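Chemist: Sequence:
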Amino acid sequence: MAFEVVDRAAAGRIGRFHTAHGPVTTPTLMPVVNPNIDLVSAREMRERFGCEMVITNSYVIHKHDHLREKALDRGVHEVIDWDGALMTDSGTFQMYVYGDVEVGPDEIVDFQRRMGVDVATCLDLFVTPDMNRQQAEEAVATTLERTRSAALLLEGDEKTMANATVQGGLFGDLRQACAAAYRDLPVGYHTIGGVVPVMERQMYPELVDIILHSQQYLRKDRPVHLFGAGHPLVFPLAVALGCDLFDSSSYAKYAKDGRVMTPEGTHKAAELAEWPTASRFLDPWSPAELTKALRDRPKRGLPPREGPSWEAERALALHNLDVMFTDLRRIRQCIRDGTLWELVEQRAACHPLLAAATRKLGEPAAQAWLEEREPTSGDRALRYTGGLTHRRPVFRRVHDRLQERFTPVGAAVEAEWDSPYAEAGQEKREAAMHKEPRNKPFGDALGDKLDPEQDHLVISSVGPVPLGLDEAYPFSQSQLPRLDGLDPEHMGWVGTTKDAFLAAHELMPGIPGPGLPGATLDRDFLQVLRTADWQFGAGAGLALTGAWSPERVREALEARTPSAETAPGARVRTFTGINPSGAGGGEGTVLEPTSAAGEARPPLVPPGEEVAAGAGFRAERSKATNKLRTVHLDDQHVLSLRAGDGLWTLKEAGARLLHAALPTPANRVVVAADSVPFNREGKSVFAQFVLDCDPALRPGDECLVVDEADQLVAVGRALLNREEMLDFQSGVAVKVREGVPE
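At position 465 of the sequence shown the residue is numbered 465 (my numbering), and the sequence of numbers has no breaks.
What the hints contain is simulated information worked out from the structure, not anything from laboratory work. Treat the hints loosely; a few may be bogus.
[Claimed, not checked] Okay, the calculated beta carbon distance ranges per label pair: (1) D379 / E551: 37 to 45 Å; (2) A660 / A141: 49 to 57 Å; (3) T664 / T25: 22 to 30 Å; (4) E78 / P364: 24 to 32 Å; (5) G156 / R16: 21 to 29 Å; (6) E155 / A180: 39 to 47 Å; (7) L450 / E620: 41 to 49 Å; (8) A709 / E620: 42 to 50 Å; (9) L483 / A381: 16 to 24 Å; (10) E78 / A643: 23 to 31 Å.
[What the hints assert, rightly or not] Lysine to aspartate or glutamate pairs mimicking EDC-like chemistry, simulated, CA-CA at most 16 Å apart: (11) K651 / E610; (12) K623 / D707; (13) K253 / E200; (14) K292 / D257; (15) K627 / D522; (16) K735 / E4; (17) K253 / D38; (18) K268 / D257.
Source: prediction; values computed, not measured. A virtual CB, placed ideally from N, CA and C, is assigned to each residue, including glycine.
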């Protein structure tokens, strides 16, 4: 039983969860099946909607003699007529509603094991938003004790895995501590609990805090189930935050109450003149007809399995299930297409509190956590949807990388007019600045304004774009309005990013005009230099173009390396104080994660020094499109350009140059000795053999595979980030492209 990542976007992932009763594709829905009310059978859910996993309640089965005896004799799958993956709850929700249950915590776990469930849940204690600190602490302590006992009871069982539920209510530090305590337990599955009252009260901003605090310390090789979040309104947001599974009894509860589910919200059938969405199950009925049929339903006891009221309730339950399963299929396709953020932002417009929750993802700590998981590029253009777009993690990446990875080119000029630079007696390079033409950086409208002896910078909706970086993702692969069409917050982000970029590289804004003294700037050289720096880090472009020797690049980088105390690389980031209400235990809104961004450091290229490609540099363009395709240095093929995103794939010769120039751990994935011979043959790196990894690597990044002595072994593309590589014990971590012989 294991979990593997197949595709990803944001922190969301299409996964493959392997159970004793078959694999489950995530993100997905587990409908709650009530063994006493067969409104929609589990088998019908599979046939109609492709359902792969369901959830039922072990406490309900345990307290009814006929169900308990059948479950122990034939197995729980026989009880609900289901042969797929199955999870059971323990009675925690019943205890939350009624105050107590008539079963012991170890007894109910052992009962689930004896029934043959795939995922068993202990009798954890529900922490509600109304509980005070002492009550929450006591409930979490009891939950941890019972989860440890359940994990030991099920350890080694080949059919049933233990579920560990993260509790803590709105106290973020308690959720962090609860999740951290599960890291070394023998469990295979996680739920984020205590969500039902949060959903009922539409506390969506608090839901974001709950998920982030829980996700922060959970192992990434286990699926995460958001327990009780069974409405499609929140599915895209929760998936973007890394939730893999959802359960729902609401499809049946809403049907009983005459409520119609849509991705944007819920409607009472009695208040509708016509259906708000196409529905193969509701179309035979009008809202008035369905409402009348439901009124005849018995108020008490089990309903008869026939007649108009039963058919109406079934039709509404099937519709609600259809809406949920359809929405999750749409989300999975958005992950494949790289358009999940667009769906999250569109769904946020459906409810003001959901919009507030989505805004929280742009706060520094949450954005940093998401950026570590965001793939480096996508197959589709980055599309603007409105005021939330600039809060995506890709925009944080643009802001940070422009400061940390850019290499200025051109001669230095002295500031002779009244400016802070002149007052300080400093010399600053001048960048000719343009506003974005025709919605694309460096479009045809700028052709006659580009001076071959002057560096240029376009101020665009995606931030400042230096000449040479304009074809790399996301600068060219974006669909955003021009500057005058942006919302004020996004426009403010553009200005802040521009000012930070100029200051970080000792640049000053100039006016397009006469060139600066110095050599002609070669466009091919600039594109290779800057896209290589963007992908691999400052100094990579100098080494891969032959502008500087690897030795000189290494010396310059080591001279500007921040101290170990401020360097990025902490495996787990702290989110203390993410809840502005103070309920999470913090005093402020957020605390910035540890980062070297913004640290004072000497420039990589000293002011006044000319930079030019090496004598052996040769860039080849496509005859059909006139775009760069390959880069050679001294007749060795070092880089190939990916047409889809304008980024490079490393060849063996390029990997050797990069390895020699950039000091460890830059761009490296360190593998165990057992893996080295296979990787040298071109076989992929599996996660269980990864010993360490550059914290700056992101999913989709080109990377260097090295052994423990930092000998280059292979070159490929990372599929996971550092935390994931160290957590996963199966699956591919690096897709190797070329092995490197000894």
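Chemist: For every hint, state whether the structure bears it out.
Modeler: Hints, one by one, checked against the model:
Between D379 and E551 the CB atoms are about 38 Å apart, so this pair conforms to the stated range of 37 to 45 Å. A660 and A141 have their C-beta atoms about 53 Å apart, which keeps the hinted 49 to 57 Å range intact. The hinted window of 22 to 30 Å between T664 and T25 is violated, with their beta carbons roughly 38 Å apart. E78 and P364 have their C-beta atoms about 52 Å apart, which leaves the hinted 24 to 32 Å range violated.
G156 and R16 have their C-beta atoms about 23 Å apart, which keeps the hinted 21 to 29 Å range intact. About 20 Å separates the C-beta atoms of E155 and A180, a value inconsistent with the hinted range of 39 to 47 Å. The hint said 41 to 49 Å for the Cβ distance between L450 and E620, and at roughly 22 Å that hint is violated. Restraint check, A709 to E620: a C-beta distance of roughly 35 Å breaks the suggested window 42 to 50 Å.
For the hinted restraint 16 to 24 Å between L483 and A381, the CB-CB distance of approximately 18 Å keeps it satisfied. Judged by the Cβ atoms, the range 23 to 31 Å given for E78 and A643 is violated: they are separated by roughly 54 Å. Taken as a hint, the K651 and E610 pair is broken in the structure, with Cα atoms around 28 Å apart against an allowance of 16 Å. For the hint pairing K623 with D707, the CA-to-CA distance comes to about 40 Å; that exceeds 16 Å, so the pair is violated.
Restraint check: the Cα-Cα separation between K253 and E200 comes to about 13 Å, which is no more than 16 Å; the hinted pair holds. For the hint linking K292 to D257, the alpha-carbon distance of about 12 Å falls within 16 Å, and the restraint holds. For the suggested pair K627 and D522, the alpha carbons sit about 15 Å apart, so the restraint of at most 16 Å is met. Between K735 and E4 the alpha-carbon distance is near 14 Å, which keeps this suggested pair within the 16 Å criterion.
Restraint check for K253 and D38: satisfied, since their Cα atoms lie roughly 13 Å apart, inside the 16 Å limit. Distance check on the hinted pair: K268 and D257 sit about 8 Å apart at the alpha-carbon level, within 16 Å; holds.
The structure is inconsistent with the numbered hints 3, 4, 6, 7, 8, 10, 11, 12, although it conforms to all the rest.
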